[in-house]
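Mind assembling these two chains? They're in different frames, but the hints should get you there.
Protein sequence lines correspond, in order, to chains A and B.
Numbering-wise (my numbering), the first sequence opens with residue 1 and increments by one.
Numbering-wise (my numbering), the second sequence opens with residue 1 and increments by one.
These aren't lab readings, by the way, just hints derived from the structure by calculation.
Since the structure is predicted, the reported quantities are computational estimates derived from the model, not experimental observations.
Hints should not be assumed to be uniformly reliable.
What the hints assert, rightly or not - With a straight-line Cα cutoff of 30 Å, these simulated DSS-like cross-link-like pairs (lysine-lysine) come out:
id	chain 1	residue 1	chain 2	residue 2
1	A	K69	B	K64
2	B	K22	A	K185
3	B	K104	A	K69
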Amino acid sequence: MPVIAAANSKGGAGKSTLIMVLACALAEHGASVTVIDADPQRTIGGWSDAADKLPVKVRYDVDEDSIRKVIEEEARKAQFVLVDIQGRASRLMSRVLMACDLALIPLSPSECDADPAARTVELIMECGADSRREIPFRIVFNRTNPSIATTSEREIIADIREAGFPLLKGHLHDRQAYRLMYSRKCSLFDLDETKVSNLDKAKINSQELLEEILTVLREGKTEVVPVIGAEAE
Amino acid sequence: MGKFSDIKKTIDDGAGEGATRKIDVSDFAPVSGSIGRDPSRDDEIADRIARKHGLPGEPVSRVKLVRGSVVMDKVFVQGPITTINRFKELCNDRGGITYAEALKLLLDRYDETN
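Just chain B, same shape as in the assembly (with noise of 0.2 Å):
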């Protein structure tokens, strides 16, 4: 391996050394005060490298989706091939409207020459 030979591969078969050695953690204990630095100082540095590296903070309040107040229903309709043609051929000469939109149009045509 050369000189990647230091790097540490576990021997896996057997070596049941390891499982059963104890670890001594007694050396380690909670902290009686603070954490031994200014965390208002800390968090004053970290911000500003943040903005520095353009690091996105945690959003304010979550967007929530808004759904259209409209409530939708849907139709079928069955008719012949001729109308339903301009209907659609109506659709496109309006810059490819939808149906609903279309249908809504003539809905107002009716209302305004009724």
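So that you can see chain A by itself, here it is in the shape it has in the complex (with noise of 0.2 Å):
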């Protein structure tokens, strides 16, 4: 049931990777998925036409008029729907985050991308303020480095935590993997291990993320999520 997006003003900031290493980290658990890829440049769209076999279905066929009424379909037939939005602010963007249950704000370590995201954060909380419910979501930190983390990375990191916005713990690292997954058509879980490096590392990240993402939407189901001060120190 819980609709997912990935929602940044910036195009590249990371939404379709972090839908599509979602997407297969809950199937391979076991989970019906539906992706709508709800972005004009179709990246999941292409993924999964040209791929043999996913383990989620991907739908594309969509638009503004048609978004809300494609999430509540695929809501009733899949456990977790994802909703890729296009890298701009738009209508359609405002209309899937009025439909979600969890919005995800996916952010390189950049300087550059710190300001789109910031102002996806303000669209999210007007569309809840408006609607007088939590929208609620959270920051994740996408194409890290595992083992360093850059000054940018914490200045940034410092900048969201004084304001107080909630960041996920667990980031999505910067992983030949996840590369190879959209390039060779395939789930990341049936990538060749043999062929590409630290593929096992690439799973037991996009698990323990998915694992993080999931204790917020359980929290979800319970309480309401603080916006403000969720995550301060």
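Following this line, the structure appears as structure tokens:
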């Protein structure tokens, strides 16, 4: 049932990769998953079209008028509905945000990406305020080095924490496996371990991130997730 | 790392435990009816916020590129430099018109006088 959207008003922030990785990890653990590719670039749609078999259902027959209907339709069929939105703030983005149970904002550790992410947070909070409901969201660091936190990364994290915005502890690391999953048109868990370096680490990374996201979703089932101060020190 | 020390960095070396651990997702199920909120009210709010922030909607229809209906062709002209220079000066004098425009001008004049 949970509808999870990846949103960031900047293109190339890693939304599609995050959605693909989460979808594969969920399917690997037996969940039924529908991915709705609402990004006109159709990155995930292309991945799906060219793949022989994927463990997830992918739909991209959507526009801003049909997106809500398709989300509702798929939420009745699958345990998880993941939505990839285009990399610019749009009416479609605000419509998806209103329909989702959790918005993930992928953010690469670069100052250039911080502003668009902040604008996305602002949009989510405004959607929440106008609808008088909390729209849970989490910022997710993407393409980070698994062993070293860069200065930019540390500074952006400090900024996010100072603002009191919720940030996932786990990051989606920079892993070759995530790129190969797309280029080889298969699930992360169908890649050949003998041909992809550190595939085991990518799998662990995806599973740990998934576990944290599931925890957030479970918290949301029983209590209102405070937006401000949730992760503040 | 100080205040950032609580930022989790996956321990990458070894750690086979995470790879084999099964994650239970059985407590999540498809919904039986609606996802629980009023779709039209949600869209109304979403659209109001989009308008307020100047967020674009999708174009209603794709704008087609209209190419010129005139069939184009080209001609290579070789001639005495004095004639070619006169032709270029005509183009310049007329405000930098194209060779095709100058040629049409000359042909129109020819038609008028014949």
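Cross-check of the supplied hints:
Of the supplied pair hints, the one linking A/K69 and B/K64 holds, its CA atoms being roughly 29 Å apart against a limit of 30 Å. A threshold of 30 Å between alpha carbons decides the hint, and for B/K22 with A/K185 the separation of about 25 Å falls inside it, so the pair holds. Using a Cα cut-off of 30 Å, the hinted pair B/K104 and A/K69 is violated, with the two alpha carbons roughly 58 Å apart.
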